[in-house]
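Here the protein sequences line up with chains W and G, keeping their order.
Note that the numbering used here numbers the first sequence so that position 312 is 312, with each residue one more than the last.
Count along the second sequence from 1, add 1000, and you get the number used in the numbering used here.
Check each hint, because a few of them may be wrong.
Reference listing, derived: stretches of chain W covered by chain G, where coverage requires no fewer than 3 residues with Cβ under 8 angstroms from a Cβ of chain G [claimed, not checked]:
no. : region
1   : 183-196
2   : 266-279
3   : 302-314
4   : 317-331
I should point out that these hints are in silico values taken from the structure, not numbers from a laboratory.
Glycine residues also receive a C-beta, built at the ideal position from the N, C-alpha and C atoms.
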Amino acid sequence: MKADNLLEARNLTVKFSVGSAGLFGKPARFSAVDDCSLKIEQGEVISLVGESGCGKTTFGKTAIGLIRPTSGTVLYEGRDVWKLRGSEYTEFRRNAQIIHQDPYSSLHPVKKVYEIVSSGVRYHKLIPNEKKIRERTIEILDTVGLNPPDYFMNKYPHQLSGGQRQRVSIARAMILSPRFIVADEIVTMIDVSLKIGILNLLLELKRRFGSSFLFITHDFGVARYFAEGGRTAVMYLGNIVEVGKTDELIMDPLHPYTKALLSAVPVPDPLLAKERKMIELRKIDPPNPVNPPPGCKFSDRCPYIMEGKCDLKLPELLEAKDGRLVACYLYGG
Amino acid sequence: MSLQEQCPSIYKIDNLTVEYVLRNLSVKAVTDVSLDIGNGEAVGIVGESGSGKTTLALSLLNLIPTPGKIVSGRILFNGDKDILSLKGEELRQFRWKQVAMVFQGALNSFNPVLRIGEQTLETVTEHETIDKQKALERASVLLKLVRLDPERTMKAFPHELSGGMKQRAMIAMSLLLDPRVLILDEPTTALDVMSQKYILNILSELRKRLGVTIILLTHDLAICTEVVDRVVVMYAGRIMEVANTEDLFLRPKHPYSLGLMQATPSVFGDVKKRKPIPGSPPDMFNMPKGCPFNPRCQYAIDVCREKNPPLEEISKGRLAACYRWRDVG
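Here chain W stands alone, though its shape is the one from the complex:
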């Protein structure tokens, strides 16, 4: 029997040690991801939005089994990915792929594009002979817009531009027809004029292969463009604070942090920019993640703080209205 959810993260916590308190002291521990749960259905796009350091990349890497959670589980088709063995594990590895943020450091510098793209197929022995592997590689290079494939196949990464390298990364992931893809800030380092092209390519591949996406970005504009009816989860200092349909969440944010974040987004329209006012926070800089405030981690900056409540206990992520989850006492909790 197959579960409804392709992937489910249950109460994930990932702790890291930072620095040390002298020679014999214990290093400080902090939770990069703190008790986060998220379900991703077959074919669904979930955007994970948050500022740098909020734990979104750690969450993504944990979700595809690259980081072992300190506690909590990641279920792939209902099974704990850290308990998969043998062929089950290999199958999960093939089906869960990641595309990294930086196309300048995520490609092997002394391998040619052909080797980089085809290595997954060879490792998983998906295609029996070299001739067929070559055909498949040519096909995927063509699909990701690296034309003519014969020309790009024999290039080294340093001979390509940032946009072309990111296409190589996408080809490397998509050649395995994965069912679940973590795309981590994949257009952040790409020139403005080429961003939409990369996003369009990924959307087309998504429609063709029906893959599910965890789409990590700090840019609501990019999240909205990629959403296509999907959902967005907003993270702050390791916690998921709001989840909802992407369009609804952007038009009507509920959590004070989501509201503040959206009010700060620059808009490429001078008339609209004049009307918009940023929500003033009580503190303009986020706290040190090693030492977050007690209770809700946003409470020290939140303009709506209810003292004696928000600064005591972390609010739970609960349904505030139709399909919208919010972790804030303003909406019950």
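For this one, chain W is given, so just place chain G on it according to the hints.
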């Protein structure tokens, strides 16, 4: 009346061309750029990677690193000071005292083993003979202006501050010697949206309070709406369009400016109208004949592939380098 007309120009750039020479190859990073920047104005220079905006900014400080060379052109500061002929002590005094620059990635350019306060003092005493107490007072006024707690910040080491705090401290430091011009190269690129917004607000505030001229280099058109009066759009080392911020956004007159706007994914407005600019960025070693944008331009006609269009005044204070600006938009 535009700001530019009210104030005499603080910078007058004439036909500037900058080349980088690599072995036997040479690349023009900036080609034939002419631009006036008004005193007290805030100008945005927008372009993608390789557009020449950083090279242009470095020229304004006569700071082009080898193997770069200014091959032709002239830059006048404040009417008569020829920047490119400044040398030695004169040049050193000009930088930071007259024009300060916050470099790209400046938040990583603090000395990691000195407290912010120590680095600040060093900056002042290197350039001026001033007693320590006065310098500290000035620093604390500026730190307050950038919304930092002066006492805590001065005592902190760089690693104790967040990215946004470091960038704001850097901006405060750049203003210590009361320069007339502040150049900022991608000041918000590595920062998240909230820190970005605070920095943009602070820049507007600094301009109002100190009357400093601001030159903001960015790849992101959207942040121009927040701070600058006028936008200069660059592509492949050339100026494509110069316009007041509002005019540029509402009625872009160069196909590249229009393309950039359509390519920016926005939080609001119609998402489905977004489209990329076709083709790839220009190969600087192998520039196309004619207009550098012609291989990617939907408006290109035969003349665009033959001759480079001059930057012309198309209406008052508005410039475009395109044979077909009348048809754009």
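Each hint tested on the structure:
Note: the region 183-196 of chain W has 6 residues with beta-carbon separation from chain G under 8 angstroms; the three-residue rule is met and the coverage holds. Only residues whose beta carbon comes within less than 8 angstroms of a beta carbon in chain G count, and the region 266-279 of chain W has 9; three or more means the coverage holds. Counting residues of the region 302-314 of chain W whose beta-carbon sits less than 8 angstroms from any beta-carbon of chain G gives 0, not enough to reach three: the coverage restraint is violated. Coverage of the region 317-331 of chain W by chain G is violated. Counting CB-CB distances below 8 angstroms, 0 residues qualify, and the rule asks for three or more.
Of the numbered hints stated above, those contradicted by the structure are hints 3 and 4, listed in ascending order.
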